[in-house]
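**Student:** Sequence:
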Amino acid sequence: MKIGIVGGTGKEGRGIALRWAKAGHQVAIGSRDAERAAAKASELSTPGTLLTGTDNATVCREAEVVLLSIPFSGHRETLEALKEALAGKIVIDITVPLKPPKVREVNLPESTSAAEQAQAILTDSKLVATLHHVSSVHLSDPEHGIECDVLAVSDHADALESVLGLLQDLGLRAFNAGPLKNAVALESLTPVLLHLNKVYGGSAGIRISGLK
Numbered sequence: 001m002k003i004g005i006v007g008g009t010g011k012e013g014r015g016i017a018l019r020w021a022k023a024g025h026q027v028a029i030g031s032r033d034a035e036r037a038a039a040k041a042s043e044l045s046t047p048g049t050l051l052t053g054t055d056n057a058t059v060c061r062e063a064e065v066v067l068l069s070i071p072f073s074g075h076r077e078t079l080e081a082l083k084e085a086l087a088g089k090i091v092i093d094i095t096v097p098l099k100p101p102k103v104r105e106v107n108l109p110e111s112t113s114a115a116e117q118a119q120a121i122l123t124d125s126k127l128v129a130t131l132h133h134v135s136s137v138h139l140s141d142p143e144h145g146i147e148c149d150v151l152a153v154s155d156h157a158d159a160l161e162s163v164l165g166l167l168q169d170l171g172l173r174a175f176n177a178g179p180l181k182n183a184v185a186l187e188s189l190t191p192v193l194l195h196l197n198k199v200y201g202g203s204a205g206i207r208i209s210g211l212k
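Start counting the sequence shown at 1; every next residue gets the next number (our numbering).
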């Protein structure tokens, strides 16, 4: 599958790109700086992987599925700029509305979530929100087995099913967690996990018991 990653030069985006490329997908890393994206793709490439890099708009236009790995501070601006290029695409949004320096406190947009805000902007895209609870440190190391589960939410059943398969290709156990309005719960849990990491050390995730 052709997958584009907006913000693919960041730590989390790089890790996801490399894991998908190793799983056999054709992955394009996007950045506002096309040369930087191309350089990062060249750095990450290994024999047998299809990994390229260019500007965000080109990545979005050429991909079948696009993952957004961008900070909440630039979320709305980025989506509005790429809305046309993302039309008709499945969009995976992993954004958590954190507000530095208080990243261990819940900071949801008023009466909604970052994911719902994104879908309201991307009216011609099928948005799936997921990957809120996986350590970027673990994701960035393709040899590291990730011992946590991931939840995915969407109002588009076909897109959600496709994304669950892609999450499994990352080496994750993934679950359908319902409609996009449930993103409020997913985004709220991330600051709690960050607090646990600070207090106890480590890279906390979640594990769903009682399900296969």
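Check the hints yourself; a few may be wrong.
[What the hints assert, rightly or not] Cut-off 27 Å, straight-line C-alpha distance, at most; resulting in silico cross-link-like pairs (DSSO-like, lysine-lysine):
#1 K102 with K212
#2 K212 with K11
#3 K11 with K83
#4 K198 with K22
#5 K99 with K2
#6 K212 with K198
#7 K198 with K99
#8 K83 with K198
#9 K99 with K83
#10 K22 with K102
#11 K212 with K181
#12 K181 with K99
#13 K2 with K22
#14 K83 with K212
#15 K2 with K102
[What the hints assert, rightly or not] What follows is a list of derived Cβ distance ranges for each label pair:
#16 R76 with K181: 32 to 38 Å
#17 E64 with V137: 24 to 30 Å
#18 L211 with E84: 20 to 26 Å
#19 R61 with S209: 37 to 43 Å
#20 P179 with E64: 19 to 25 Å
#21 A39 with H195: 16 to 22 Å
Simulated from the structure, these hints should not be mistaken for lab results. Glycine included, every Cβ here is placed at the ideal spot set by N, Cα and C.
**Student:** Work down the list of hints and note, for each, if the structure agrees.
**Tutor:** Results for each hint:
Pair hint K102 plus K212 does not hold up; C-alpha atoms about 36 Å apart against a cutoff of 27 Å. At roughly 30 Å between alpha-carbon atoms, K212 and K11 are farther apart than 27 Å, so this suggested pair is violated. A threshold of 27 Å between alpha carbons decides the hint, and for K11 with K83 the separation of about 24 Å falls inside it, so the pair holds. A distance of roughly 32 Å separates the Cα atoms of K198 and K22; the hinted pair therefore is violated under the 27 Å criterion.
This hinted pair does not check out: K99 and K2 have alpha carbons roughly 32 Å apart, beyond 27 Å. Annotation: proposed proximity of K212 to K198 is violated, straight-line Cα distance about 31 Å (limit 27 Å). Proximity of K198 to K99 is assessed by CA-CA distance (about 16 Å); at most 27 Å being required, the pair is judged to hold. Between K83 and K198 the CA atoms are separated by roughly 37 Å; this puts the pair beyond 27 Å, and the hint is violated.
For the given pair, K99 sits about 24 Å from K83 by alpha-carbon distance, which is consistent with the 27 Å threshold. This hinted pair does not check out: K22 and K102 have alpha carbons roughly 35 Å apart, beyond 27 Å. Of the pairs offered as hints, the one joining K212 and K181 holds, with about 25 Å between alpha carbons and a cut-off of 27 Å not exceeded. Taken as a hint, the K181 and K99 pair is honoured in the structure, with Cα atoms around 21 Å apart against an allowance of 27 Å.
Between K2 and K22 the alpha-carbon distance is near 13 Å, which keeps this suggested pair within the 27 Å criterion. Using a Cα cut-off of 27 Å, the hinted pair K83 and K212 is violated, with the two alpha carbons roughly 37 Å apart. For the suggested pair K2 and K102, the alpha carbons sit about 36 Å apart, so the restraint of at most 27 Å is broken. One distance hint, 32 to 38 Å for the beta-carbon pair R76 and K181, is violated here, with the actual separation near 19 Å.
Checked against the hint of 24 to 30 Å, the C-beta distance between E64 and V137 comes to roughly 29 Å, which is consistent with it. L211 and E84 have their C-beta atoms about 39 Å apart, which leaves the hinted 20 to 26 Å range violated. Distance hint check for R61 and S209: the Cβ-Cβ separation is about 42 Å, which falls inside the suggested range of 37 to 43 Å. Against the hinted window of 19 to 25 Å, the Cβ-Cβ separation of P179 and E64 comes to about 23 Å, which satisfies the hint.
Distance hint check for A39 and H195: the Cβ-Cβ separation is about 36 Å, which falls outside the suggested range of 16 to 22 Å.
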